[in-house]
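Use the sequences and the hints to build the structure in full.
Protein sequences appear in the order of chains G and Z.
FYI, the numbering for the first sequence is 1 to 135, going by UniProt numbering.
FYI, the numbering for the second sequence is 1 to 135, going by UniProt numbering.
You can take every hint at face value.
If chains are identical, the list can't say which one is meant, so a pair holds when it fits in one copy or spans any two.
BS3-like mimics (lysine-lysine), calculated; alpha carbons at most 25 angstroms apart, straight line:
1) LYS54 <-> LYS32
2) LYS82 <-> LYS99
3) LYS64 <-> LYS99
4) LYS33 <-> LYS64
5) LYS118 <-> LYS82
6) LYS55 <-> LYS32
7) LYS118 <-> LYS54
8) LYS99 <-> LYS54
9) LYS126 <-> LYS54
10) LYS82 <-> LYS64
What the hints contain is simulated information worked out from the structure, not anything from laboratory work.
2 protein chains.
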Amino acid sequence: MNETNRRTFLTATAALCAGTVTAAGPFPVAGKKYPVVHHVFFWLKNAGNETDRKKLIEGVKTLKAIDTVGELHVGVVASTEKRDVVDNSWDVSELIFFKDLAAQAAYQVHPVHQAFIKNYGHLWSKVIVYDATEV
Amino acid sequence: MNETNRRTFLTATAALCAGTVTAAGPFPVAGKKYPVVHHVFFWLKNAGNETDRKKLIEGVKTLKAIDTVGELHVGVVASTEKRDVVDNSWDVSELIFFKDLAAQAAYQVHPVHQAFIKNYGHLWSKVIVYDATEV
Chain G
1 MNETNRRTFL TATAALCAGT VTAAGPFPVA GKKYPVVHHV FFWLKNAGNE
51 TDRKKLIEGV KTLKAIDTVG ELHVGVVAST EKRDVVDNSW DVSELIFFKD
101 LAAQAAYQVH PVHQAFIKNY GHLWSKVIVY DATEV
Chain Z
1 MNETNRRTFL TATAALCAGT VTAAGPFPVA GKKYPVVHHV FFWLKNAGNE
51 TDRKKLIEGV KTLKAIDTVG ELHVGVVAST EKRDVVDNSW DVSELIFFKD
101 LAAQAAYQVH PVHQAFIKNY GHLWSKVIVY DATEV
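Right, dumping it as structure tokens:
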């Protein structure tokens, strides 16, 4: 590669990579883009029931269709060490990152969220919500 | 650029970009790379005390020095709508993503985590931990 081609190569490489670098952003990604954290824990009426758990997981996953949802993570209890401070009595968790409080408020009244409550609300007996803002 | 240089360019570009693409991954980033979610809520002994809250936030942020911590998000209560299901009685939250359960176990016994408990443990009166695995 001669000098001219080397320059062309470097410029073109930078341009090609630029989009990816911007999309990735600095670590941590979610914290920079989505500082509002909404973590919901569900306790099933039929605690530990596998069919109901699967159905609720399916329901929580419908929430990613909401345009103000930045990131959605659906979880079940992890097999970490049992300790007094660890609450492992819940069945399904829903962790959503929003870009701001307005996005979270819009999510609450969104038809897809309302449909989720209507169609899957009979499955749970208890819900705890934690809303945090990144500092 | 002739054909030989074009091939060189494309190969080298792919190699240069590869690391970035792997690091970024598809959306959602954290969910793909770090499926283990560790969410800790702290209640201060001096509930709502601003000095103690800042000190604890400083302490939680030391945890990002632990090499198995994939992503760390430190939070305070968000100003979302007050509802019966929302627990807003806590003071500081620590949300960590790990790549697997071994990374979480290594974190628990890491000297930086042990130092955090030793140096900041006097600040809190209650802790609740939720450990989830992404599904």
